[in-house]
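Student: Residue numbers (the working numbering), protein chains in the order written: chain A, 1 to 312; chain B, 1 to 360.
Read the hints as simulated data drawn from the structure, not as lab findings. Each residue gets a CB set at the ideal place from its N, CA and C atoms; glycine is no exception. Among the hints, erroneous ones may be present.
Pairwise CB distance ranges, derived in the manner of DEER restraints [as the list claims (entries may be wrong)]: (1) A/Glu290 / B/Pro123: 35 to 45 Å; (2) B/Pro125 / A/Met57: 22 to 32 Å; (3) A/Gly180 / B/Phe220: 35 to 45 Å; (4) A/Ser240 / B/Pro123: 22 to 32 Å; (5) A/His176 / B/Asn237: 57 to 67 Å; (6) B/Pro123 / A/His176: 19 to 29 Å.
Chain B regions said to be covered by chain A (calculated; three or more residues, Cβ under 8 Å) [stated by the list, open to error]: (7) 187-195; (8) 279-293.
Counterexamples of contact, computed for chain B against chain A with all Cβ distances above 12 Å [as the list claims (entries may be wrong)]: (9) Gly41; (10) Asp58; (11) Ile78; (12) Val119; (13) Ala150; (14) Thr225; (15) Asp239; (16) Ala340; (17) Ile343.
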Amino acid sequence: MRIKSLVAVGVAAFISGPLMAQTIGVSIANFDDNGLTIMRNGMTSHLETLKGVDLQMEDAQEDVAKQLDQINNFVASGVDAIIVNAVDTDATEAMSNAASSAGIPLVYVNRQPGNMETLPDGQAFVASNEIESGTLAAFRMCQDLRAMGKSGGATAYMLMGRLSNQAAVQRSKDFHDVIGMDMCNFITLIDEQTANWSRDEAQDMMTNWIASGEPFDAVFGNNDEMAIGAIQAMKASGISMEDVVVGGVDATPDALVAMEAGEMDVTVFQDLAGQGAGSIDTAIKLVNGEKVDKTVFIPFKLVTPENVGDFK
Amino acid sequence: MAESNHGTGGLKFDKKKIGWPNELNIFIALIIIILIFEALGQSLPYMKDQSFLFDTRDRFDSIFNEARLRIIILQVSIIGIIALGVTQVIISGGIDLSSGPLVGASAMIVMSFAQTELVNGGPNPKAVFGEWAFDLPVLIPVIIALAFGALIGAINGSLIAFTRIPPFIATLGMFLICRGIAQAWTRGKPVSFPTEGYAALGSGMMPVYWFIGLAILFHFVLKYTLYGKHTYAIGSNEDAARMSGINVQRHKVMVYMVASMLAAFAAVILSSKNLTAQSGMGIFYELYAIAMAVIGGVSLTGGRGSIIGTVLGAMVFGVIQSGFTYIKLDAYYQLMAMGAIIIGAVVLDKVRQERAALRT
């Protein structure tokens, strides 16, 4: 009997030991995604400045069902808070319910949950305002084309991200909205296709477009990787990068280098590391019962050859 | 007059039956698909009388739209290199699902040894290792790729040959392991900015030259060497191959090693072409490579197929991809159309084979 109870005490001490610190369960949509990796690393490096907080990081591998399982596992193991980077932004209601019925604070990060309007108490959304990004980039491209004296008529191609992804749909819509404005309606979209956020697919797609021989003045990529793929294809076909306005979103290190080389003209810096850090801060505030806005915005910044140095 | 029956699945060799090679059928299918796109281009109202293959805007010296011809083969060259290896695995009666993730893992590892020190005059923002790994001669990353590929292939092959677990399971396990390696290597961060020498390996039309060169090499290897004959023999009838004195286990290990080395080399070309390596590279490549081989007439039951067929299968892929963009087919429908075409091709091949069997 005594041995048994000793073991029980020992086990209890062992279990409760790590729980003394605050544990935050994090479910990331996809570890392979470059942008999300920057955000994830933003979380880990922010963690080093905090004491008594542990992160348990899981990869949902773009699988909705797996992500919900991860949330339920976090709930079952009694974490103090949960951070979710949603795989499918329309499938967040079940996650919100699981966390709120267990009384655990939940923070969505980077991708806006579909149930934003009905988010329960103790839950928040940390991100940049997605509408800003595509609009900032597209509008600047329009200004660049005007400055090049093409306001009499210009043509453009657009490379879209994965079509099941909210950011891809939104940024594509932003581009359409901008070229629908009076000031920018001199731009005609020749074709838009998905390259699934991938540099390689974008490169092949752009080469296909170039093969059709239709002249064009601008290429908008839903992200930098695809814009760089387009640049590589244009360079391989001997197109002068001074004649084409190329825009992307993300301000990745590769894109900044391309911009310094005079190939890329516009990108937008989404402070992904800031979003990661902000999600942890928001989660801790919720755990401590502090008041938090339902939406915490981390602003986008426009990056052009003039200010590219500030982002290195 | 003893006629050879090597590589015909133990069936009695009959000259009449091989009068019409399967490759010719695929070639005809390729022409038909091109004609369909050409016809669509002429009839769709928004196409402004563009031509799919011909130069209607006087941009080139020849009558063809050379840019179109180039992209058709360029966009399938890298997966095509993988398909050359997959073809051998399938002919030997196996399957390799690990090639796509192996591309991701190899690209990450290899690119780390191919980085340059200075980018636009500043330090490389994506450096993985210290100074010693900068600006290495281009042969070093290539050798590392081939060695890594050989290692993975040897594990795949040994598992299949010695523990006798099904190739599907062994390579599925390796599929996950390799994707894991790709992610763990830099914790998901992309590796960019290679040396000029490395960048030259996959720039411009280089992927096509590698693909064609390797295809010619393996065409001869499969057709005229003992390695090739043993591969067909094992795929046709493994027991018969064993009884006729072929070291089946050792040969299987070799086939998987060759396939993985080709996939790792494809990763070199892919990362060089894109000037970056990312852990998500090669997604679906294993399936596309298998599809290219199968469209090219390689039988999933083993023992039948050829490199020429697989090259034509890759061309079918390239024409379809380029054709979809040409007719501006909405991206939402492209995957569906692609899937339907793959299934259609295999069904047609099956029907043709059953008819041929009935004729005897």
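Student: So the hint says 22 to 32 Å: do the beta-carbon atoms of serine 240 of chain A and proline 123 of chain B match that?
Tutor: holds (29 Å)
Student: State whether the coverage of the segment 279-293 of chain B by chain A holds or is violated, taking the criterion as 3 or more residues with Cβ-Cβ distances under 8 Å.
Tutor: holds (count 3)
Student: Say whether it holds or is violated: alanine 340 of chain B keeps its Cβ farther than 12 Å from all Cβ of chain A.
Tutor: Alanine 340 of chain B clear of chain A: closest Cβ-Cβ about 18 Å, beyond 12 Å.
Student: Beyond 12 Å from every Cβ of chain A: is that where the Cβ of aspartate 58 of chain B lies?
Tutor: Violated, because the least Cβ-Cβ distance between aspartate 58 of chain B and chain A comes to about 9 Å, which does not exceed 12 Å.
Student: Does glycine 41 of chain B really sit off the interface, with its C-beta more than 12 Å from all C-beta atoms of chain A?
Tutor: Its Cβ does come within 12 Å of chain A, the nearest being 10 Å, so this is violated.
Student: Range first: 19 to 29 Å. Now tell me if the beta carbons of proline 123 of chain B and histidine 176 of chain A are that far apart.
Tutor: Since proline 123 of chain B and histidine 176 of chain A have Cβ atoms about 40 Å apart, the given range 19 to 29 Å is violated.
Student: Hey, is aspartate 239 of chain B genuinely clear of chain A, shortest beta carbon separation above 12 Å?
Tutor: Aspartate 239 of chain B is indeed farther than 12 Å from all Cβ atoms of chain A, at 41 Å.
Student: With a C-beta cutoff of 8 Å, work out whether three or more residues of the segment 187-195 of chain B approach chain A closely enough for the coverage to hold.
Tutor: Per the Cβ count (6), the hint holds.
Student: Confirm or reject: alanine 150 of chain B is not an interface residue toward chain A, with every Cβ-Cβ distance exceeding 12 Å.
Tutor: It holds; alanine 150 of chain B is separated from chain A by about 25 Å at its closest Cβ, greater than 12 Å.
Student: For glutamate 290 of chain A and proline 123 of chain B, compare the CB-CB distance with the range 35 to 45 Å and indicate the outcome.
Tutor: The hinted range 35 to 45 Å holds for glutamate 290 of chain A and proline 123 of chain B, with Cβ atoms some 41 Å apart.
Student: Regarding glycine 180 of chain A and phenylalanine 220 of chain B, is the given constraint of 35 to 45 Å on their beta-carbon distance met?
Tutor: violated (58 Å)
Student: Beyond 12 Å on every Cβ pair: is that true for isoleucine 343 of chain B relative to chain A?
Tutor: holds (22 Å)
Against the hints set out earlier in the document, violations occur for numbers 3, 6, 9, 10, 11 and 12.
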